[in-house]
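Peer 1: When you get a sec, could you build the whole thing from the sequences and use the hints?
Position 14, counted from 1, in the sequence shown is what the numbering used here calls 112; the numbers after and before it change by one each time, with no gaps.
Since the hints were made in silico from the structure, they are not lab data.
Cβ coordinates follow ideal geometry from the N, Cα and C atoms, glycine included.
Any given hint might turn out to be false.
[Unchecked claim] Under the rule of at most 30 Å between Cα atoms (straight-line distance), these lysine-lysine pairs were calculated in the DSSO-like manner:
id: 1; residue 1: 178; residue 2: 194
id: 2; residue 1: 240; residue 2: 194
id: 3; residue 1: 240; residue 2: 133
id: 4; residue 1: 133; residue 2: 178
id: 5; residue 1: 194; residue 2: 133
[Said to hold, decoys possible] Here are the in silico distance ranges between beta carbons for each label pair:
id: 6; residue 1: 186; residue 2: 114; range: 16 to 22 Å
id: 7; residue 1: 185; residue 2: 210; range: 24 to 30 Å
id: 8; residue 1: 210; residue 2: 165; range: 19 to 25 Å
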Amino acid sequence: MKKMQAIQTVITPIDFSDNAALVLESAAYIAGTFKANLHVIFIVQNFEDYSGFFVPQMSVSTIENDLYVGAEEQMDIFCKDHAGAFEQAGVTPVTKVLVGDVAEKIVEYAAELDGGLIVMGTHGYKGLERIMFGSVADQVVKTAPCPVTTINPYTCC
Numbered sequence: 099m100k101k102m103q104a105i106q107t108v109i110t111p112i113d114f115s116d117n118a119a120l121v122l123e124s125a126a127y128i129a130g131t132f133k134a135n136l137h138v139i140f141i142v143q144n145f146e147d148y149s150g151f152f153v154p155q156m157s158v159s160t161i162e163n164d165l166y167v168g169a170e171e172q173m174d175i176f177c178k179d180h181a182g183a184f185e186q187a188g189v190t191p192v193t194k195v196l197v198g199d200v201a202e203k204i205v206e207y208a209a210e211l212d213g214g215l216i217v218m219g220t221h222g223y224k225g226l227e228r229i230m231f232g233s234v235a236d237q238v239v240k241t242a243p244c245p246v247t248t249i250n251p252y253t254c255c
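Peer 2: Next up, the structure:
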């Protein structure tokens, strides 16, 4: 029987939706409770696979780069806006913006860090993204190299 490892790292993917704040607060609390490192990540969707669907005025790589820069700025603002949750939990987050398939990048990042726990929301942005990309939480739960705690922001807190 495999021995349970101590949680040393908590990874929480966010999407800057209204629900992300609740998930972030929960992740900070869990990281603080376990005295674990907290990694807050955002993934810029890779548009390579969809470049044949439209003819943009700019190249796909230019769009992705602009989205990456905007996401880094949004991450800074988001974390500053929620600094109280980090202070209360006694954690200093490591922030990272990645590019690629959202679920795959979450799982890859957790594997690279030998992540102890992924804390993520069951719901983020809805509508077209959900139809096109399916449930990110479902994919992560099924493929993650570590335990995943999902937070339903509609029943939480």
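Peer 1: Indicate, hint by hint, whether the structure satisfies it.
Peer 2: Status of the hints after comparison with the structure:
Restraint check for residue 178 and residue 194: the C-alpha separation of about 14 Å stays at or below 30 Å, so the hint holds. Restraint check for residue 240 and residue 194: the C-alpha separation of about 23 Å stays at or below 30 Å, so the hint holds. With a C-alpha separation of about 26 Å, the suggested pair residue 240 and residue 133 falls inside the 30 Å cut-off, and the hint holds. Pair hint residue 133 plus residue 178 holds up; C-alpha atoms about 21 Å apart against a cutoff of 30 Å.
At most 30 Å may separate the alpha-carbon atoms for a hinted pair to count; residue 194 and residue 133 meet this at roughly 20 Å. Checked against the hint of 16 to 22 Å, the C-beta distance between residue 186 and residue 114 comes to roughly 21 Å, which is consistent with it. Between residue 185 and residue 210 the CB atoms are about 28 Å apart, so this pair conforms to the stated range of 24 to 30 Å. For residue 210 paired with residue 165, a C-beta distance near 22 Å keeps the hint of 19 to 25 Å intact.
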